[in-house]
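Please construct the entire structure, taking both the sequences and the accompanying hints into account.
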Amino acid sequence: MTKRLQYRCLFSLLPAFVLVGGVLLYPALSTIVHSFFEWDGFTREGFVGFENYRALFGDRGFINFRNLSRFPETGPPFGALIHSIIWTILFVPSTMVIGLAFAALTRTLPGKQIAKVLFLLPLSVPMVVVGIVVYFLVDARAGLFNALLRTVGYDHLVQTWTNNPNLVLLILIAGSIWIFSGLTMLIYSAGLETIPDSVAEAAEIDGATRGQIFRHITLPLLRTSHRTAGILMTIWSLKVFDLVYSATLGGPGQSSSVLGILLYSKSFYQLRIGQGLAIAAILTLLGVTLSVLMLLRSHKD
Amino acid sequence: MRKRSVPATVLTWTLAVIWIVPLIGLLAASLRPFEEIVRGWWMIADGVTLDLSSYWRALTFRSAPIYHGLINSLIITVPSTVIPIAVAFLAGYVLSRYRPRYTTAFMGILILFIVMPSEALIIPLFNTFNDIGLGGTQTAVVLVNSARAVPWITVFMLNYFNRVPTVFDEVAIIDGASYGTIVTRVMVPLCVPALISLAVLQFVSAWNTFIWPLIFLQPTSPRNWTAVQMVPALRGAEVVDWSLLSSASILVMVIPVIVFITLHKYYVKGLVAGNEPH
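Residue numbers (the numbering used here), protein chains in the order written: chain A, 11 to 311; chain B, 8 to 285.
These are calculated hints, taken from the structure and not from any lab test.
Glycine is no exception: its CB is placed at the ideal position from the N, C-alpha and C atoms.
Treat the hints loosely; a few may be bogus.
[Unchecked claim] Partial selection, computed: residues in chain A whose CB lies under 7 Å from chain B: (1) P103; (2) V143; (3) Q280.
[Claimed, not checked] Away from chain A, derived, C-beta distances all over 10 Å, residues of chain B: (4) A71; (5) I78; (6) P86; (7) G140; (8) L202.
Here's what the structure looks like:
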């Protein structure tokens with residue numbers, strides 16, 4: 011490449027370098043390095059090694075070993091780390107299964123464009139509003155969910171469900187599944203388009219049942235869709251923040267606190283910056299490791 | 008193609024309608040007085056009263072005036088959409104056509120930030136922007152929104168340019184077009200559908216962003232806040248004013264939802280192409 015071309019490349023890429031380097035890369039490195047320092051408010055003190063991480067694992071807001079060891083006699087809070095892991099474990103497969111079901115159902119549906127818009131609509135709603143909608147649905151007085159309970163005769167169960175420490179996390183997870191199933195539907199719809207009808211027809215002629223075709227032909231052929239959906243949903247489930255903030259602020263009594271909420275409250279309420287940075291580093295590590303693992307796994311297939 | 012059964016069609020459409028019932032409920036609540044909401048927004052037997060006063064209250068609410076929020080959101084969202092698309096368009100073009108030596112390394116960094124939760128950066132970004140005098144400004148929010156979008160838009164454009172035949176560039180060069188002319192007069196028109204998709208996705212995403220306005224603008228006067236940021240502030244701790252909260256929510260979501268519905272073809276295309284395996 012000539013000098014002139016090299017300068018042209020550099021010049022064209024400069025804005026991207028500045029934004030990515032200054033606003034993403036530098037803060038990311040700073041997060042990891044500074045999580046090994048002691049902090050007094052927003053002032054950095056000396057190097058302390060893993061002290062912030064040690065403090066974090068001794069903090070019940072992060073991981074509550076006492077409640078965990080007494081499960082199922084004792085319910086939540088289990089700590090933000092465990093809540094985030096529960097979120098990932100329930101959210102990722104649910105959105106994938108529901109999205110795949112929607113994709114299959116809408117494939118030949120009359121008016122499928124409109125149906126898909128309806129399934130996708132919640133995705134364009136601000137997550138903060140989604141938190142309010144979830145709260146509104148399960149409110150003791152105005153909530154549709156409680157009205158349904160009354161209709162089927164379970165009046166004694168009526169309550170504001172987001173105030174129930176045992177169930178609040180599950181309700182918020184359900185809300186997030188509602189939003190993101192539209193996105194996984196899109197991913198799977200695109201995947202299904204790439205499978206020609208002739209594949210299933212050939213298998214049918216060979217005597218395969220619809221269940222067998224689905225399990226042994228369609229599902230394996232969708233593996234790039236599984237990978238995309240799996241990575242996207244995993245990342246999202248780890249970084250969830252807005253939804254919880256607006257619905258419950260992590261309450262009642264930290265029962266719905268997740269890593270994002272704890273990171274924010276450690277940093278901006280408790281002013282424990284060292285621990286905040288440690289949570290941020292753990293969040294980064296979890297997101298990147300899980301994504302890389304899924305990428306490698308699907309490449310091996 | 009296999010014939011479709013009637014029950015499956017009915018089931019799918021029922022599901023699609025159920026899927027938006029929560030949003031219909033929010034809209035209904037915003038249009039009815041509080042007494043009717045607590046009896047149930049779906050109840051129509053005892054009469055329906057149209058009450059729009061809660062919209063006015065939300066727009067002018069003292070501790071969170073949504074009217075200001077909507078203007079601030081526009082002021083922040085428009086540059087948050089234009090800047091990253093312009094920056095990543097140029098980056099994607101150069102990476103696709105010239106493949107400089109550092110392409111692989113740069114792509115690696117971009118992909119790292121696509122999979123990394125950007126929430127993890129709140130502390131250093133808060134510190135840095137304070138140090139350089141941008142703490143508490145909407146500029147800080149615009150810069151973070153833009154930077155977060157550059158990685159995925161660059162990868163998106165790189166893949167897009169890889170499919171645009173280089174013949175277009177070659178013909179333009181033979182015609183004596185300069186580099187700037189090729190980018191603005193040849194490549195931009197070729198990418199219009201992709202650019203609309205990116206603009207729709209990024210507009211909706213930047214409008215809906217919550218954590219960055221929260222970090223940078225929450226300590227300042229509510230008059231600087233974005234619309235989305237104001238919603239949690241309107242949620243009372245004990246007694247919830249559902250009229251106010253539902254009207255505020257509708258006001259805050261109406262712009263991204265309208266953008267999505269009118270341009271859903273581009274939104275969907277962008278999402279699918281953006282998440283395609285590479």
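Hints and how they fare:
1. P103: 18 Å, violated
2. V143: 5 Å, holds
3. Q280: 13 Å, violated
4. A71: 12 Å, holds
5. I78: Non-interface label stands for I78 of chain B: nearest chain A Cβ at 17 Å, farther than 10 Å.
6. P86: Correct as stated: the minimum Cβ-Cβ distance to chain A is 13 Å, above 10 Å.
7. G140: 15 Å, holds
8. L202: 17 Å, holds
In this structure, the earlier hints numbered 1, 3 are contradicted, and the remaining ones agree with it.
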